[in-house]
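2 protein chains.
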Amino acid sequence: MLPPTELLNFLKKEEKFVIATHMSPDGDGLGSAIALSTALQKIGKETILLCRDSVPQQCKFMPGHERFHNFDTLQLSAVSHQSFKNLILVDCNDIDRISTEVSQISNLKFQISAVIDHHESEKPFGDIRWVTPEAAATGLMVFHIIKELGVEMTEEMAINLYAAISVDTGNFRYENTTHEVFSVAAELKKAGARTHAIYRELFESWSEGRFNLFMKVLNTLEMKDGIAFVRVTKKMFEETATFPDDTEHFVDFPRIMKDIKVSILFREIENDYYKLSLRSKDDINVAHVAEEFGGGGHKNAAGCRIRADFETAKREVLKAFHTIPRAL
Amino acid sequence: MLPPTELLNFLKKEEKFVIATHMSPDGDGLGSAIALSTALQKIGKETILLCRDSVPQQCKFMPGHERFHNFDTLQLSAVSHQSFKNLILVDCNDIDRISTEVSQISNLKFQISAVIDHHESEKPFGDIRWVTPEAAATGLMVFHIIKELGVEMTEEMAINLYAAISVDTGNFRYENTTHEVFSVAAELKKAGARTHAIYRELFESWSEGRFNLFMKVLNTLEMKDGIAFVRVTKKMFEETATFPDDTEHFVDFPRIMKDIKVSILFREIENDYYKLSLRSKDDINVAHVAEEFGGGGHKNAAGCRIRADFETAKREVLKAFHTIPRAL
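Residue numbers (the numbering used here), protein chains in the order written: chain A, 17 to 344; chain B, 17 to 344.
Just so you know, these hints were derived from the structure itself, not from any lab.
There could be a bad hint or two in this list.
The list treats identical chains as interchangeable, and a pair is accepted whether it falls inside one copy or across any two copies.
Unchecked claim - Within a straight-line C-alpha distance of at most 27 Å, the following computed DSS-like cross-link-like pairs (lysine-lysine) qualify:
no.	residue 1	residue 2
1	K125	K277
2	K291	K29
3	K101	K125
4	K315	K335
5	K32	K125
6	K76	K274
7	K232	K250
8	K297	K251
9	K297	K76
10	K240	K251
11	K232	K251
12	K32	K297
13	K251	K274
14	K76	K277
15	K240	K274
16	K250	K291
17	K206	K297
18	K250	K163
19	K101	K163
20	K163	K206
21	K232	K297
22	K274	K250
23	K335	K101
24	K206	K315
25	K232	K277
26	K274	K232
Here chain A stands alone, though its shape is the one from the complex (with noise of 0.2 Å):
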């Protein structure tokens, strides 16, 4: 994984770069702008870290989480930042996932700006794009950066890298592993990132709320046909202090079961009205389910809204999984 030559002059020749990564930002995301960054300071350069929300609590143990701006912190630097004129986007490739907010977007001036990122391209922006979807972690990305500058590898650096790529893949479970993705993590453990504690801080820093929360969650588990569902309700948030996004990662857990399929997590917005998260194993498209529904993902991740009570909802989907090709 070779960066292109054009946005390795970039980096090289400008001075100054703001350099952010999309709202609601998660490890690797956070963890790519940290460590490019941390590196371009190395050759001298200045940059501005970016982000339009905070920093969620599993990511504050990395290096340097707290020299991120948002907008307004950024507007009271405005003197100083009104002198980047270069902008690199960090695992996302849409100025839109920076911020949605037009004046917000709008007060950024930039002559170029550059786009490294890992997800699919659905708006092309950005005068410099390295977009690679086969990448399991931006953070890979940002690694070969790194090496190509020929900047050395600091524990810091390697810190945020090494969250970065355990975020994405899972911590080495999912299918985007590759090969480069072990022989990346034995670098980054060679550069002194603790591996064992960065995976405590990200999976296993669990308020006792959230445990609780999940185990009313999964008290609501029903089977049927190999699809699990469970559901979480505006109550069980008022009853165990917590958030939706307290609910992160609780729809995979039923597929711990072998015979399970598919497995549905139905969160109440309001009465009648459900957000689904949809996962599947293997080859069952549930993209195709949510799409049903006016919702949409990827074949093993996907998401939609239905209103209508829990019974009906479900009776719906499960109906739906049954009448699309190649969906169960």
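Following the hints, position chain B against chain A.
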């Protein structure tokens, strides 16, 4: 990690080997034994695989698992195996871990025995010993033996060795995951190990009964002073048609909470008699507590038995944590 010359010479010089792994076999023992056996066959040797107990369900995807003999089927092939004068113990370093029955062991009359293991040594056994506690898995050691023998890594060997390493590192989660573990994983992936599928077989092939047992156990959760107590009763096994083996890893789960430092599973053996599994984080030494009740183990993973009703047992354990220095 270089295998000793004496071991390599033994493997090259001799012709017929019985390769045995420990009772209650796991992925590391089985995978290491199969891969070593296959490699030796590639250079013209004859091998017999031996394990007292049957291959557990989650390891039945491992290619070659059906080649294991137990002591009965080994006896049936007595004529041939009598000519096998060399024993290799894999993933254990004590002949008592092969079988506790003296009659079975005394039937094994070998001229030379070798040991390949990563457990701490207690009872010296074997003419040739390669015991490397710092190796994350025996599979890692066998990988290096295969390299040194100059045998090409086949897909079958790669699957077995990857499974061995995945099991013993908790799929790269545990502290024993060194940079070398990642490098070897990269090579095994290149050689054809379908790592996502292997993960699923090893960690995500629960029966519905096991899932129901898990829910029952987690629903018993109590927390005090950073210690999580969960409990499994004989009634729960009956209700879910499961067995003690099905509780594997259950005790780990409460540690997903940031504030939980110790997790303890109480398994009811009979009325007012419990087997305890203790797990801890960081420097909390649960072996000290287990020893207090006549048990033992390692710093972060230990076990013991207590004859008392549940409430009394829990109180006694809690007291031990507060009285033993550095226990909490």
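Comparing the hints with the structure gives:
Within a single copy, K125 and K277 get their C-alpha atoms no closer than 48 Å, and across copies no closer than 49 Å, so neither meets the 27 Å cut-off. In this assembly of identical chains, K291 and K29 lie within 27 Å of each other by CA distance neither inside one copy nor across copies; the values are 47 Å within and 66 Å between. In this assembly of identical chains, the alpha carbons of K101 and K125 lie at most 27 Å apart only when taken from the same copy (7 Å versus 79 Å across copies). Taking CA atoms no more than 27 Å apart as the test, K315 paired with K335 passes inside one copy only; the shortest distance there is 18 Å, against 52 Å between copies.
In this homomeric assembly, K32 and K125 come within 27 Å of each other (Cα to Cα) only inside a single copy, at 13 Å, whereas the closest approach across copies is 75 Å. Within a single copy, K76 and K274 get their C-alpha atoms only as close as 35 Å, which misses the 27 Å cut-off; across copies the closest is 13 Å, which meets it. Taking the shortest Cα distances, K232 and K250 sit within 27 Å of each other both inside one copy (12 Å) and across copies (24 Å). In this assembly of identical chains, K297 and K251 lie within 27 Å of each other by CA distance neither inside one copy nor across copies; the values are 30 Å within and 33 Å between.
Taking the shortest Cα distances, K297 and K76 sit within 27 Å of each other only across copies (20 Å), while inside one copy they are farther apart (32 Å). When the C-alpha separation of K240 and K251 is checked against a cutoff of 27 Å, the pair qualifies both within a copy, at 25 Å, and between copies, at 26 Å. Taking the closest pair of Cα atoms, K232 and K251 come within 27 Å of each other both inside a single copy (11 Å) and across two copies (22 Å). Taking CA atoms no more than 27 Å apart as the test, K32 paired with K297 passes in neither setting, with 45 Å inside one copy and 43 Å between copies.
For the homomeric pair K251 and K274, the shortest alpha-carbon distance between copies (24 Å) is at most 27 Å, but the shortest distance inside one copy (31 Å) is not. Taking the shortest alpha-carbon separations for K76 and K277, only the inter-copy value of 20 Å comes in at or below 27 Å, while the best intra-copy value is 34 Å. For the identical chains of this complex, K240 and K274 are intra-copy neighbours only, at 14 Å inside a copy versus 34 Å across copies, given an alpha-carbon limit of 27 Å. Taking the shortest alpha-carbon separations for K250 and K291, only the intra-copy value of 12 Å comes in at or below 27 Å, while the best inter-copy value is 39 Å.
When the C-alpha separation of K206 and K297 is checked against a cutoff of 27 Å, the pair qualifies only between copies, where the shortest distance is 23 Å, while the shortest distance within a copy is 34 Å. Proximity of K250 and K163 under a CA criterion of 27 Å is satisfied in neither setting, with 48 Å inside one chain copy and 57 Å between copies. Taking the closest pair of Cα atoms, K101 and K163 come within 27 Å of each other only inside a single copy of the chain (25 Å); across copies the shortest separation is 53 Å, beyond that limit. For the homomeric pair K163 and K206, the shortest alpha-carbon distances inside one copy (15 Å) and between copies (22 Å) are both at most 27 Å.
In this homomeric assembly, K232 and K297 come within 27 Å of each other (Cα to Cα) both inside a single copy, at 24 Å, and across copies, at 26 Å. For the identical chains of this complex, K274 and K250 are inter-copy neighbours only, at 24 Å across copies versus 30 Å inside a copy, given an alpha-carbon limit of 27 Å. Neither within a single protomer nor between protomers do K335 and K101 lie at most 27 Å apart by alpha-carbon distance, with minima of 53 Å and 63 Å respectively. Taking the shortest alpha-carbon separations for K206 and K315, only the inter-copy value of 25 Å comes in at or below 27 Å, while the best intra-copy value is 36 Å.
Both within a single protomer and between protomers do K232 and K277 lie at most 27 Å apart by alpha-carbon distance, with minima of 22 Å and 23 Å respectively. With identical chains, the CA atoms of K274 and K232 are at most 27 Å apart both within one copy (22 Å) and between copies (19 Å).
In terms of the numbered hints stated before, the structure departs from hints 1, 2, 8, 12, 18, 23, listed from lowest to highest.
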